[in-house]
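A.B. asks: For the protein sequence lines, the chains are A and B, in the order given. Under the working numbering, the residue at position 168 of the first sequence is numbered 168, and the numbers go up by one with no gaps. Under the working numbering, the residue at position 22 of the second sequence is numbered 1022, and the numbers go up by one with no gaps.
In case anyone wonders, no lab produced these hints; they're calculated from the structure. If you're wondering where the values come from, they're calculated on a predicted model, not measured in any experiment. Treat the hints with care, as some may be off.
[As the list claims (entries may be wrong)] Now the stretches of chain B that chain A is said to cover, found in silico as 3 or more residues with beta-carbon under 8 Å:
no., segment
1, 1015-1028
2, 1252-1263
[Said to hold, decoys possible] Partner residues are not named here, just some residues of chain A that face chain B (Cβ under 8 Å, in silico):
no., residue
3, Arg84
4, Thr88
5, Ser97
6, Thr100
7, Leu109
8, Glu111
Virtual Cβ for every residue (Gly too), placed ideally from N, Cα, C.
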Amino acid sequence: MCSDSDPIAVRDLTMGFGSYVLARELSFEVRRGEVFIIMGGSGSGKSTLLRHFLGLQEPLAGEILYYGERFTSADEDDRTRMLRRCGTLFQSGALWSSMTLAENVAVPLEEFTELRPREIREVVELKLALVGLRGFEDYYPSEISGGMQKRAGLARAMALDPDVLYFDEPSAGLDPVSSTLLDRLLLELRDSLGATIVVVTHELDSIFTIGTDSIFLDAESRTMIARGNPRELRDHAEHPTVRRFLNRGRDPTGEVA
Amino acid sequence: MPAAVSSSARASLVTRPDGAVLVLAGDWQLGGEVAGAAQALAELDAVPAGAVVTLDAGAVGNWDSALIAYLMQVVDRAQGRGVKLDRRILPPGIGKLLDLALAVPEKRDARRADTMPPFMERVGQTAQQLSGEIGGLIGFLGEVTLALGRFVQGRARFRRSDLGVALEQVGIDALGVVAIINFLVGLILAFVGAAQLEQFGAAIFVANLVGIAMVRDMAAIMTGIVMAGRSGAAFAASLGTMQSNQEIDALRTTGISPIDYLVLPRIVALVLMMPLLTLFADAVGVIGGAFVATAMLDLSWTRYFQQTWEAVSLGDLLGGLFKGTVYGALIAIAGCWRGMLSGRTAAAVGLSTTSAVVTSILLIIGAAGLFAVVFYVLGL
Chain A
1 MCSDSDPIAV RDLTMGFGSY VLARELSFEV RRGEVFIIMG GSGSGKSTLL RHFLGLQEPL
61 AGEILYYGER FTSADEDDRT RMLRRCGTLF QSGALWSSMT LAENVAVPLE EFTELRPREI
121 REVVELKLAL VGLRGFEDYY PSEISGGMQK RAGLARAMAL DPDVLYFDEP SAGLDPVSST
181 LLDRLLLELR DSLGATIVVV THELDSIFTI GTDSIFLDAE SRTMIARGNP RELRDHAEHP
241 TVRRFLNRGR DPTGEVA
Chain B
1001 MPAAVSSSAR ASLVTRPDGA VLVLAGDWQL GGEVAGAAQA LAELDAVPAG AVVTLDAGAV
1061 GNWDSALIAY LMQVVDRAQG RGVKLDRRIL PPGIGKLLDL ALAVPEKRDA RRADTMPPFM
1121 ERVGQTAQQL SGEIGGLIGF LGEVTLALGR FVQGRARFRR SDLGVALEQV GIDALGVVAI
1181 INFLVGLILA FVGAAQLEQF GAAIFVANLV GIAMVRDMAA IMTGIVMAGR SGAAFAASLG
1241 TMQSNQEIDA LRTTGISPID YLVLPRIVAL VLMMPLLTLF ADAVGVIGGA FVATAMLDLS
1301 WTRYFQQTWE AVSLGDLLGG LFKGTVYGAL IAIAGCWRGM LSGRTAAAVG LSTTSAVVTS
1361 ILLIIGAAGL FAVVFYVLGL
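The shape of chain A in the complex, shown without the other chains (with noise of 0.2 Å):
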């Protein structure tokens, strides 16, 4: 099932502090040109499998491979080069304060590329473009609003058209019309750009309008319980805590729980 051309595979995945387990033994694969989701309740380590992704944290046992080539036992040049594949939009945003909104998504063109100045002015112009941001270049993070940062944030992260794009609780602190704005955003890029798109969320809204494949973790059980089309596993998944939380609470049948 798992072939060198799945952008990421998880294979084994334990993840815990010391001796504390938070999740254990993940094995799934995330398919090139999916919106893949990973949900679940708060405290069932979505947050912290998207850090094991980005190499921020370490697993207790297991392996994650991008394309085929593992990423956990690699060195740091390595993950580095692997890494350079990926754009992250972390959960505020997460700009470099003390950059304009242009220096920002520039940081990694001068960091990676051998463009000119110039040519890095006009990725940068573009970048801010595709997420609606023409004219605040020169903008500070703090002089813009939060939906406006997280757009930033997407611009930088795809500064370098990354083959995946990590998106850490998109529509966190957005209203629902920017967050419907992101959502409609993020369903092209993976359209024009071909890129495969990762998304931690709780947000039914976002799961049923975008996802087309995901995993259920769980705080109880400390493993993920459920795999596949989300609008799939709010009718027909087998275990009732994922079917409860794709219902808003509600079992299909009707009771509360």
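Knowing the structure of chain A, use the given hints to seat chain B on it.
C.D. replies: Same frame as chain A, now just chain B:
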């Protein structure tokens, strides 16, 4: 529920032929006095286990949380002693709120125990934490050394403008406060020296005292302490805020070393600026001493500076500048280390800032003591 006329709240336990009744009446409002509240509770304790107490709030006027809170106490006491409560005739609003408050039973073990772990356990925990911190510091020093190596070879990745901003912040912006502090220290040293030396008719040696003390030690230490409070704290606070804002995670995932990008420019800036600030402080301190000498001891400015020039050797000066540079490195490392270690909450950033200042001042004084011994042994 609302009553037109307000009346004071009352509680009493009455014994009627069909059993005990807790009668509540009047306006129960937060902050108001309740007549008989404590006595009724005490009497409730005297009701035999298994008996039934009826709750009667029919005569209650206006009420708010005060009434529900009191009823909660009654329920807790009754349950503890096995007394049954008849809540059937409570007004519906009160009954519902009480049901809601009692719906989820108290979670066992959820209440925090106030007990402290035994002394030996705390000693052990502190020791473990300390050894972990020392290990972390050594790792951090190693990373900084590697980054400095890359910096010297010109391969370190950081923005030149960041270094420029850091140089300005720890250099030019600090001149004012460094000047004030060192001027006053020179002044104080001269005052103390003048009072003593004048008794022996050796007033001119005030210049020696101030000059040597400032140039050898005081200027470097005082500037170090000022910079610890100013720049060490600023380093820790800004890096801590970046940590909580995930900016450092974003650097890591972009493949940029935060040590190169954030820590290196700050350390380089402080290490470059500290000797210059110390030199400036030397001069300001000597001028401070001169003010006292000319005003109190009738020495001329020229005489004072000539005496200073003769007293202070080049070795004193270079030694002082060397000490200042070391203090600068200590402050920058402590500030950046604490900032990078910071937790993600606002309180954690505050803590890391405080501990950056305390750590750097401790390190400065410790290093000053060590230098005093080493310089003495080496005869410098």
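A.B. asks: Take the hints in turn and mark each one as holding or not.
C.D. replies: Hint check results:
Counting residues of the segment 1015-1028 of chain B whose beta carbon lies closer than 8 Å to any beta carbon of chain A gives 0, which falls below the threshold of three, so the coverage claim is violated. For the segment 1252-1263 of chain B, the stated coverage by chain A is satisfied: 5 residues place a CB nearer than 8 Å to a CB of that chain, which reaches the threshold of 3. With its C-beta approaching chain B no nearer than about 6 Å, Arg84 (chain A) sits inside the 8 Å limit, and its interface hint holds. Taking 8 Å as the C-beta cut-off, the interface hint given for Thr88 (chain A) holds, the closest approach to chain B being about 5 Å.
Using the Cβ-Cβ criterion of 8 Å, the hint placing Ser97 (chain A) at the interface with chain B is satisfied: the shortest such distance is roughly 7 Å. For Thr100 (chain A), the interface hint is violated, the least distance from its beta-carbon to any beta-carbon of chain B being 11 Å, above 8 Å. About 11 Å separates the beta-carbon of Leu109 (chain A) from the nearest beta-carbon of chain B, more than 8 Å, and the hint is not met. Residue-level restraint check for Glu111 (chain A) holds (minimum Cβ-Cβ distance to chain B is 6 Å; threshold 8 Å).
Hints 1, 6 and 7 from the list above are not met by this structure, while the remaining hints are.
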